[in-house]
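Chains D and F supply the protein sequences, listed in that same order.
Under this note's numbering, the residues of the first sequence are numbered 1 to 112, in order.
Under this note's numbering, the residues of the second sequence are numbered 1 to 112, in order.
Simulated from the structure, these hints should not be mistaken for laboratory data.
One should not assume that every hint holds.
To be verified - Quick list of simulated restraints, FRET-style, between CB atoms:
1) Q29/F / P40/D: 24 to 34 angstroms
2) L19/D / L74/F: 35 to 45 angstroms
3) S54/F / E17/D: 47 to 57 angstroms
The structure displayed is predicted, hence computed values, not measured ones.
Backbone N, C-alpha and C define an ideal beta-carbon position, used for all residues, glycine too.
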Amino acid sequence: KQEVTQIPAALSVPEGENLVLNCSFTDSAIYNLQWFRQDPGKGLTSLLLIQSSQREQTSGRLNASLDKSSGRSTLYIAASQPGDSATYLCAVRPGSNYQLIWGAGTKLIIKP
Amino acid sequence: GAVVSQHPSRVICKSGTSVKIECRSLDFQATTMFWYRQFPKQSLMLMATSNEGSKATYEQGVEKDKFLINHASLTLSTLTVTSAHPEDSSFYICSAGDSGYTFGSGTRLTVV
Numbered sequence: 001k002q003e004v005t006q007i008p009a010a011l012s013v014p015e016g017e018n019l020v021l022n023c024s025f026t027d028s029a030i031y032n033l034q035w036f037r038q039d040p041g042k043g044l045t046s047l048l049l050i051q052s053s054q055r056e057q058t059s060g061r062l063n064a065s066l067d068k069s070s071g072r073s074t075l076y077i078a079a080s081q082p083g084d085s086a087t088y089l090c091a092v093r094p095g096s097n098y099q100l101i102w103g104a105g106t107k108l109i110i111k112p
Numbered sequence: 001g002a003v004v005s006q007h008p009s010r011v012i013c014k015s016g017t018s019v020k021i022e023c024r025s026l027d028f029q030a031t032t033m034f035w036y037r038q039f040p041k042q043s044l045m046l047m048a049t050s051n052e053g054s055k056a057t058y059e060q061g062v063e064k065d066k067f068l069i070n071h072a073s074l075t076l077s078t079l080t081v082t083s084a085h086p087e088d089s090s091f092y093i094c095s096a097g098d099s100g101y102t103f104g105s106g107t108r109l110t111v112v
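Looking at chain D on its own, in the form it has when it is part of the complex (with noise of 0.2 angstroms):
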């Protein structure tokens, strides 16, 4: 049964700095594994889809790569800026059907 973890559960940090975010899964054979920021109160804005053949995925500041092997996710978030602050999803889609497997999230905390 696939399992996804993330780890920390909450963080806060200064602004300015880089931040990595983390996502396990316990079954290697996933179909992809995607990034979404909630923010309180709100839905899910998709930030980064990372298909299985993939070993990572940028857009702007924000870089997600994927282990399978090892059955990691990192999120990179460079340059933090007080915005960033939101909790960050990780989801995997374990095969071809559509039902995605999410973690718990991590709450980012940008100090100004």
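Knowing the structure of chain D, use the given hints to seat chain F on it.
Frame of chain D, contents of chain F only:
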């Protein structure tokens, strides 16, 4: 890009009444939509998979008679919380089944 519209964004209802939440794909056809529930400080819990023209598939532990799902067209799925109780208060989010998993903005339901 793909957009999913969900409304209402917030609803307060009295215990015992029913509430309908709508999820619309605005610029694409969605044969599959997903309904999630999110408790405070927890990740998303898949409630059911909604398939256009057929009965929804409910996850274990989700009461199908309480959470009625209708997917009558390729652009609209509805979730009706019947005979709502305070324990049904939660954040409900829908998503449409394309490879990017576009999410609605969520509905905050409060049952008083």
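Hints, verified against the model:
no.: 1; hint: Q29/F / P40/D: 24 to 34 angstroms; result: 32 angstroms, holds
no.: 2; hint: L19/D / L74/F: 35 to 45 angstroms; result: 41 angstroms, holds
no.: 3; hint: S54/F / E17/D: 47 to 57 angstroms; result: 49 angstroms, holds
In terms of the numbered hints stated before, the structure departs from none.
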